[in-house]
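Novice: These are the residues of each chain, in order.
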Amino acid sequence: MVMDYFLSEEEQMMVETARTIANEKMKPVREHYDEKEEFPWEIVKEFAAADLCGVYIPEEYGGFGKGIMGLVLVVEELCKVDGAVALSLAATALGTLPILIAGNEQQKQKYLPDIASGKKLAAFGLTEAGAGSDATGMSTTAVKDGDYYVLNGTKCFITNGGDAETYTIFAKTNPQRGARGISCFILEKGTPGFEFGKKEKKLGIRASSTRELIFNNCKIHKDQLLGKEGHGLMIAQATLDNSRPGVAAQALGIAAGALDEAVEYARKRVQFGQPIASFQGIQHMLADMATKVEAARALLYSAARMVDKGTSKRTSKESAMAKLFCSEVAMEVTTNAVQIFGGYGYSREYPVEKMMRDAKITTIYEGTSQIQKNEIALNLIKESAAKNK
Amino acid sequence: MNIIVCIKQVPNTTNVQIDAETGRLKREGVESIVNPFDEYAVEEGVRLKEKLGGKVIAVTMGPPQAEAVLREAISKGADEGVLVSDRAFGGADTLATSYALSCAIKHLGDYGVIICGKQATDGDTAQVGPGIAEMLNIAHVAYVKKVESIDEKSIKVERMMEDGYDLIESPLPVLLTVVKEINTPRVASLKGKLAAKKAVIKVLDAAAVGADTKRTGLNGSPTQVMKIFTPPQRQGGQKFTGDAKSVAAELVKKLADAGVV
Numbered sequence: 001m002v003m004d005y006f007l008s009e010e011e012q013m014m015v016e017t018a019r020t021i022a023n024e025k026m027k028p029v030r031e032h033y034d035e036k037e038e039f040p041w042e043i044v045k046e047f048a049a050a051d052l053c054g055v056y057i058p059e060e061y062g063g064f065g066k067g068i069m070g071l072v073l074v075v076e077e078l079c080k081v082d083g084a085v086a087l088s089l090a091a092t093a094l095g096t097l098p099i100l101i102a103g104n105e106q107q108k109q110k111y112l113p114d115i116a117s118g119k120k121l122a123a124f125g126l127t128e129a130g131a132g133s134d135a136t137g138m139s140t141t142a143v144k145d146g147d148y149y150v151l152n153g154t155k156c157f158i159t160n161g162g163d164a165e166t167y168t169i170f171a172k173t174n175p176q177r178g179a180r181g182i183s184c185f186i187l188e189k190g191t192p193g194f195e196f197g198k199k200e201k202k203l204g205i206r207a208s209s210t211r212e213l214i215f216n217n218c219k220i221h222k223d224q225l226l227g228k229e230g231h232g233l234m235i236a237q238a239t240l241d242n243s244r245p246g247v248a249a250q251a252l253g254i255a256a257g258a259l260d261e262a263v264e265y266a267r268k269r270v271q272f273g274q275p276i277a278s279f280q281g282i283q284h285m286l287a288d289m290a291t292k293v294e295a296a297r298a299l300l301y302s303a304a305r306m307v308d309k310g311t312s313k314r315t316s317k318e319s320a321m322a323k324l325f326c327s328e329v330a331m332e333v334t335t336n337a338v339q340i341f342g343g344y345g346y347s348r349e350y351p352v353e354k355m356m357r358d359a360k361i362t363t364i365y366e367g368t369s370q371i372q373k374n375e376i377a378l379n380l381i382k383e384s385a386a387k388n389k
Numbered sequence: 001m002n003i004i005v006c007i008k009q010v011p012n013t014t015n016v017q018i019d020a021e022t023g024r025l026k027r028e029g030v031e032s033i034v035n036p037f038d039e040y041a042v043e044e045g046v047r048l049k050e051k052l053g054g055k056v057i058a059v060t061m062g063p064p065q066a067e068a069v070l071r072e073a074i075s076k077g078a079d080e081g082v083l084v085s086d087r088a089f090g091g092a093d094t095l096a097t098s099y100a101l102s103c104a105i106k107h108l109g110d111y112g113v114i115i116c117g118k119q120a121t122d123g124d125t126a127q128v129g130p131g132i133a134e135m136l137n138i139a140h141v142a143y144v145k146k147v148e149s150i151d152e153k154s155i156k157v158e159r160m161m162e163d164g165y166d167l168i169e170s171p172l173p174v175l176l177t178v179v180k181e182i183n184t185p186r187v188a189s190l191k192g193k194l195a196a197k198k199a200v201i202k203v204l205d206a207a208a209v210g211a212d213t214k215r216t217g218l219n220g221s222p223t224q225v226m227k228i229f230t231p232p233q234r235q236g237g238q239k240f241t242g243d244a245k246s247v248a249a250e251l252v253k254k255l256a257d258a259g260v261v
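In order, the protein sequence lines correspond to chains A and B. Read in order, the letters of the first sequence are residues 1 to 389 in our numbering. Read in order, the letters of the second sequence are residues 1 to 261 in our numbering.
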């Protein structure tokens, strides 16, 4: 059916487990959560019980220790059925990666086991109303006060905001130093002065909560600082190198799910006395969709394996390529799936319109497609300059 | 206190075929699965363990390849798998199967509750569970749809009946057969699957469980299958239409012709 990527036995195990959860638990309720825009706690419990929450977290912290490739495989499989519900898990990974990358042993011991077990969700707080693609434009500040930092400001569009327990938050500790004046902190829900603002109403990924985080003289102990003061932006960049394959996997999963729906529908739908799958116009659309999905998968798996391979080399370019390509393919494939379904595709009675709505966010968050291109080009130029000094 | 769950490997019934000549199930090339009712038994066993402690030991009787169902039970929370396997057990009917399994359970000892699915989807007899209880001389409750409460000495369960349910209290040890209403079996977790892969399945033969081979397998099976057939589908009855009076007259005449009235 699909191309052979020589997955290990344990990787196949993760895929099968995620598939079972997706088909048995998520499929029957996906319309409900999309329609009601509720947070899918019952499914989060299923993820936890099946050990899916910690696939990328090392075993010593209670995870399954299968790295970004593990995360990618699970997210892809879940998103074939529902790209919104699966985000509770994928966005938790984004919020957790700063701890994995920059946390000290004590911080890892304190936070990772509960995330690995699925007892707690996490969220990543970088974006602000005035700081999207340009994170250095943030205005949230953290002012040192003895053994404490005092945070003030507002983050927006935070996935899992309000539903997560553990937050990795970026704030300026030294506004004069620009990119080197940002630091990263771990915040716990319930900390005095840490509140939640409005919940966004969105085009897609409606089962996922997106909220404002408001810091109003929020005082946290200096033990909550991740890495060194001023290293925040570097932690954010390293996090995105690791997390973008996760968004790519979400996009790939949605695309693969839409492709399956489109092929099945084209075989059943009869017009002019024959299944529309017998028309070359439809066949060529399906062939293009399938080829792009497979190319996206090959690029993503290679990037994910590279991320897991080592820490010596940054993988900004490869992660950006995977994210760019998979998300653009997802948008194209889901749009064409709706086209193949025709009027039924546009109707909420069939799942493809939701897939198209869910797909769109993947070209936007964790860096728009344009930002990914900047990242890729910047690295091309750097690599060339290093070679031809 | 340990919990023993008896499970069976059965052919996937969505495509079961019968050999017209021998009257036996064609098992070659047919995917084998855990008997669906036994999935509920495993889940209930694991839930009781999570409440009470102890171990869940999954037991099956069958050929060597039946160990697959034991690994599946382990992936869903059972602690150990025991395969009761011997040439001498082959061809067993429900009596001989109950005997062999009861010998194995006696051999394992230290159990408080034995749980079985209400019946297997291949034979559909629902006899082995109660049969084991009789051979062990312990109480049993069939068609359990809920465990109300349990402690070290006794258990209270709801037994599903056609017109409601009975609330039954029984001393331990007890054997329960469960219906699908009792729970929703969990999806095997990743750690469960790893444990299943690594698990060492204990294999017990007739000698190990101290079974008298005159009472096992074909030797111990009084049941003989004469013929297996698919009953002809029932045809629709005759319909009378018209006004009530003429329909009644027509019906009475027809019944009289048939010699029923």
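By construction, these hints were calculated from the structure, which means they are not laboratory data. Take these hints with a grain of salt, some might be off.
With a Cα cut of at most 20 Å, we get these calculated PhoX-like pairs of lysine-lysine [said to hold, decoys possible]:
| id | chain 1 | residue 1 | chain 2 | residue 2 |
| --- | --- | --- | --- | --- |
| 1 | B | Lys106 | B | Lys198 |
| 2 | B | Lys202 | A | Lys120 |
| 3 | A | Lys119 | B | Lys191 |
| 4 | A | Lys45 | B | Lys191 |
Novice: Verify the proposed pairing of Lys202 of chain B with Lys120 of chain A, using a straight-line Cα cut of 20 Å.
Specialist: Violated, at roughly 38 Å.
Novice: Does Lys191 of chain B sit within 20 Å of Lys45 of chain A, going by the straight-line distance between their CA atoms?
Specialist: Roughly 16 Å between the alpha carbons, so the hint for Lys45 of chain A and Lys191 of chain B holds.
Novice: So if I understand the rule, the pair passes when the alpha-carbon distance is 20 Å or less; does Lys106 of chain B with Lys198 of chain B pass?
Specialist: violated, 26 Å
Novice: Can you confirm whether the C-alpha distance between Lys119 of chain A and Lys191 of chain B stays at or below 20 Å?
Specialist: holds, 16 Å
In this structure, the hints that do not hold are numbers 1 and 2, in rising order.
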